Amino acid sequence: MELIVLLIALFVLSLFLGVELITKVPPTLHTPLMSGCNAISGITLVGALLAAGGGQANSALVGVLGFIAIIFASVNVVGGFWVTNRMLAMFNRKTARGGNPL
Amino acid sequence: MNASVIHLVYLLAASLFVFGIKGLTKPRTAVRGNFLSAAGMLLAVVVTLLDQQILSYGYIIVGLLIGGGLGALLATRVQMTAMPQMVALLNGCGGGASLGVAAAAYYDSLFSGTYTSVAIAGGLMQLVGLLATALASIIGALTLTGSLVAFGKLQELIPGKSIGFPGLKAVNAILFIGALLAAVALVTAPQSSSLFIAMIVAALILGVLLVLPIGGADMPVVIALLNSYSGIAAAAAGFIMGNSVLIVSGSLVGASGLILTQIMCQAMNRSLANVLFGVMAEAGETVDADEVYAGKVSSASPDEVAMILETAQRVVIVPGFGLAMAQAQHAVRELADELQNRGVEVAYAIHPVAGRMPGHMNVLLAEAEVPYDQLVEMERINPTFEQTDVAIVIGANDVTNPMAREDKGSPIYGMPILNVDKAKTVVVVKRSLSPGFAGLPNPLFANDNTLMIFGDGKQAVLGLTSALAEAA
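So the protein lines, in turn, are chains A and B.
Take 1 as the starting number for the first sequence in the working numbering and just add one per residue.
Take 1 as the starting number for the second sequence in the working numbering and just add one per residue.
Just to be clear, a hint being listed does not mean it is correct.
Claimed, not checked - Coverage of chain A stretches by chain B, computed from C-beta distances (three or more under 8 Å per stretch; other residues unrestricted):
#1 17-30
#2 33-44
#3 69-81
What the hints contain is simulated information worked out from the structure, not anything from laboratory work.
Every value quoted in this text rests on a predicted model; they were computed, and no experiment measured them.
Glycine is no exception: its CB is placed at the ideal position from the N, C-alpha and C atoms.
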């Protein structure tokens with residue numbers, strides 16, 4: 001009972017924190033923000049690992065479902081962070097140039 | 001490893017995500033922010049692998065290698081112009097992962113006999129667990145297929161325009177209510193797995209049908225919304241396992257997507273419901289394109305436009321989706337360089353919904369090494385058009401249509417636009433006079449101070465640059 005109340009509180013507070021954080025992101029960075037957040041949502045990988053490697057039922061179906069979840073989540077994580085880094089590196093290249101060829 | 005230690009490490013990972021997103025608020029700190037998030041992810045994954053609950057590593061290692069390899073391949077191969085597709089695909093993967101986790105958790109409990117027949121007897125935890133399982137499955141399934149359709153549209157595997165059939169809304173409503181009813185039934189009778197499967201199938205179909213009728217220019221809203229869904233699905237999966245890091249990160253991402261969705265809707269002056277379910281508002285009176293354009297459109301060659309540019313003091317470039325289509329970002333940068341070498345002040349006007357996802361134009365121009373301080377948001381650049389000698393519109397249409405400002409009967413009336421028509425001269429680079437996504441003629445093209453350059457965006461811009469260079 002108490003654990004679930006705590007988890008719901010965590011959920012609500014994180015939503016507020018998210019709103020506070022994201023409203024400060026300038027439009028220039030909206031695409032990297034999306035792909036970066038996307039990579040973070042790949043945190044389901046943790047759940048997928050527990051599902052694929054653990055489980056009380058010791059059933060093949062559960063293992064396969066966990067395996068599929070791991071593949072999806074790791075594409076999400078690796079692809080997301082990597083492509084975000086590629087984009088952000090382009091934004092930073094200009095700072096290196098002094099940002100001002102005027 | 002001790003369970004409390006694991007949970008503390010999860011908390012650390014969640015904190016790293018928060019710092020990571022905070023880093024994304026400034027271009028200067030963004031790369032570091034992304035690394036912090038990635039470090040948090042690595043930490044969470046490593047500590048999970050050390051968890052004693054994990055008994056076998058066979059599936060895990062193979063899965064990580066396949067998924068990680070695919071992800072790396074996608075991330076290194078994708079072109080910057082294809083970034084909307086990439087983000088759509090990644091959203092879909094996030095949804096698929098949550099669906100997989102929820103299904104695995106469901107069948108694990110089912111086969112190990114954890115579920116008791118009546119939820120109340122099983123206690124509150126079972127009730128919450130089942131609700132979370134149902135929610136994670138529905139949202140995950142919907143995100144998976146919806147994102148795949150969005151990907152197909154952006155990649156032009158299926159037509160980008162709105163696809164629908166009469167009664168589509170009714171079918172969607174039935175599917176949605178059906179999935180919800182199955183979820184409720186599942187909570188009261190968790191042992192009937194056919195209910196679980198029916199619920200997922202309904203959500204999978206719903207995902208396809210929800211995105212199919214949404215046309216090209218509304219894609220930024222859909223992508224932002226699916227991004228939000230993928231986060232909420234992850235948070236729901238967190239509730240299934242009582243896992244704090246999933247809940248925190250999932251809700252952060254959910255909030256992010258919702259805010260972006262809201263920004264996109266505001267930029268089109270439409271409500272979310274209108275984008276998702278409405279066709280474009282009914283036009284009060286159909287505006288005849290021939291009537292608007294008849295005899296009033298003047299076209300010019302790049303040489304003629306170059307002569308105007310020679311005497312300009314300030315030039316504003318307005319990019320749209322056509323710039324991405326023509327891969328003209330580098331050509332545009334070269335034109336801007338040539339203008340700047342002549343002492344002309346150059347800025348880029350960025351409409352929030354230009355392109356196919358939030359920030360699309362910024363990424364393209366960043367690829368072409370345009371300094372980000374030259375990219376100016378709509379609110380800041382609009383007052384400066386009156387002091388602008390030449391506005392060059394490349395592949396943008398509806399976001400420059402003055403009807404949004406002037407014609408109360410117009411379906412796009414009230415949508416914030418870039419006031420390019422206030423500039424002394426407007427140059428529009430476009431293939432033809434065909435209407436934009438809204439299907440409306442653009443009176444801007446018929447204005448006295450507007451010159452059209454008909455042709456491919458990239459060729460036209462290259463032509464302008466060389467004409468300008470020759471004039472030097």
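Of all the hints given earlier, name the ones this structure violates by number, lowest first.
Hint check: nothing fails, all pass.
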